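Student: Listed here are the chains, written in short residue letters.
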Amino acid sequence: MELGTIDDDELDILLNDLLEVYGYDFTDYSRASLKRRVNRLLQIDKFPSFAEFRYKVRASPEYLKRFVEEITVNVTEMFRDPFFYKVLRLEILPVLSTYPLIRIWHAGCSTGEEVYSMAIMLQEANLLQKSLLYATDLNPDVIKKAMAGIFPLSQMKQYSENYILSGGIRDFSSYYSAKYNHVKFNEDLRAKVIFATHNLVSDRSFNEFQLILCRNVLIYFDHNLQQKVFTLFDQSLEPLGFLALGNKETLRFSSLSSKYNQVGKEKIWRKVA
Amino acid sequence: MEKSSIRHHCSLLIIGGSAGSLDVILMLLPSLRPGLSFPIIIVLHRKNSFDSTLTDLLASKTTLPVKEAEEKDILTPGIIYVAPADYHLLVEKDGTLSLDYSEKVNYSRPSIDVTFETAAEAFGPELVCLLLSGASADGTEGLKVVKKHDGIVIVQNPVTAKVAYMPQHAIADVVVDRIIDASEIDELVNTL
Ligand SMILES: C[S@@+](CC[C@H](N)C(=O)[O-])C[C@H]1O[C@@H](n2cnc3c(N)ncnc32)[C@H](O)[C@@H]1O
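In the order they appear, the protein sequences are chains H and C. Here our numbering is used: position 16 in the first sequence is 16, and no number is missing along the way. Here our numbering is used: position 107 in the second sequence is 107, and no number is missing along the way.
Since the hints were made in silico from the structure, they are not lab data. If a hint is listed, it holds; no wrong ones were tucked in.
No more than 20 Å apart at the CA atoms, straight line, and that leaves these computed lysine to any residue pairs for SDA-like: (1) C:Lys144 with H:Asp7; (2) C:Lys72 with H:Gln227; (3) C:Lys61 with C:Arg46; (4) H:Lys267 with C:Thr53; (5) C:Lys47 with H:Pro82; (6) C:Lys148 with H:Asp7; (7) H:Lys265 with C:Thr55; (8) C:Lys148 with H:Asp9; (9) C:Lys104 with H:Asn39; (10) H:Lys259 with H:Leu232; (11) C:Lys47 with C:Val105; (12) C:Lys47 with H:Phe83; (13) H:Lys192 with H:Pro100; (14) H:Lys144 with H:Leu132; (15) H:Lys184 with H:Arg170; (16) C:Lys93 with C:Ile79; (17) C:Lys144 with H:Arg40; (18) H:Lys86 with H:Gly264; (19) H:Lys130 with H:Pro94; (20) C:Lys148 with H:Asp8; (21) C:Lys72 with H:Arg37; (22) C:Lys67 with C:Leu54; (23) C:Lys147 with H:Thr5; (24) C:Lys72 with H:Phe253.
Here the structure is a predicted model, which is why all the values come from computation and not from measurement.
Bound-form chain H, shown alone (with noise of 0.2 Å):
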């Protein structure tokens, strides 16, 4: 190994560790991204050698935990793409409402901003009391924050300006109390939300629902891997149930798509009948 870097063989051999040893299997996420964040971790914590960090890994639960935290990527925002979520507002969120008990899943919610976004507008549509939100990620961490529901006041500003983009009206910061600099989102906001921990590659469907978002996680996962997530979220998606993906995802290519139409420009694909 030189320096601060590993090859792809121990790459393979990290991968198959922590399979072997913890049952997480990162074997078909993409490589160069996967490759870059381990190589990011070794040079952060200053390994000597790969054989140092291999044994750090397989012997320390901790550590795994600082691994899992670092490989994935939990970069998120309240109202990440403004309008997208426009459009969750104005065109999906009136299809939900004619359901007697909305079912809704955050795939990869990460810290729960956007679980966090969805609950504001759907209080704002007085369909909140009706709704069961499930919001699931790999990682426990962030599922603690994410119950949590507390997030740096520093970033209000920008998800203040998403908000209203969105098309929301009220005063953001009616949803949150400040103290020092962190913000804490209302209690009311999460009492319908269930946080659990949920791995997309090893777990399975657990219910049916008519929204399932997943964005911004696919890009991690090779072709095949996507194929299998797609196949999960069609069966926990109901009849005329909606899939939201992030951005730059797309199920086009999926062998599933002929059962999907798009809803508009959106990465938004409704299931057919």
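Here the structure of chain H is known, so what remains is to put chain C with the ligand in place on it, guided by the hints.
Tutor: Relative to chain H, chain C with the ligand alone:
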């Protein structure tokens, strides 16, 4: 510095630029010969993360197909791929593209370093990278990796750059194969 064309088999050209580089690219595009035997990736820093008009602007200047890079795109000769705003663009060893929304690198997303580095691993000596004008340090680390994998490194002459910092930074730190004036870029690319 060697003045003749670069004798090298090119399977991928990546152009990285920041402040002051758009004009250079707009000047280059109309003179690209049709049917280039390699794909081109353009990684440009931009101010507005919502801006998707860049691809249209670039497409209007050339007869070569220009598209915003999508994940899993298969790099195809003669096509120009533009890194989308707000994502890193990575090159996989199987010649496909991946996108990544991780932390900014050098305050930038897309980061030129990320694309240079991953492409260096994927294409080795068949990669040619060109770094243009800019006020950022982005690109330099990536060019080092390109050199390590025996790729070709070309940097715009800081004297002809609107903002000299980025090419200067690279020249100070990397053994570049060639320093080139803005006006010579088209000839170089057409003879790669
Ligand atoms: C970039 S974040 C996306 C957050 C949010 N959906 C958004 O678009 O802003 C990607 C998330 O996917 C999660 N993830 C990665 N692999 C996963 C898997 N196999 N199963 C479930 N979640 C996964 C990561 O832990 C991370 O929190």
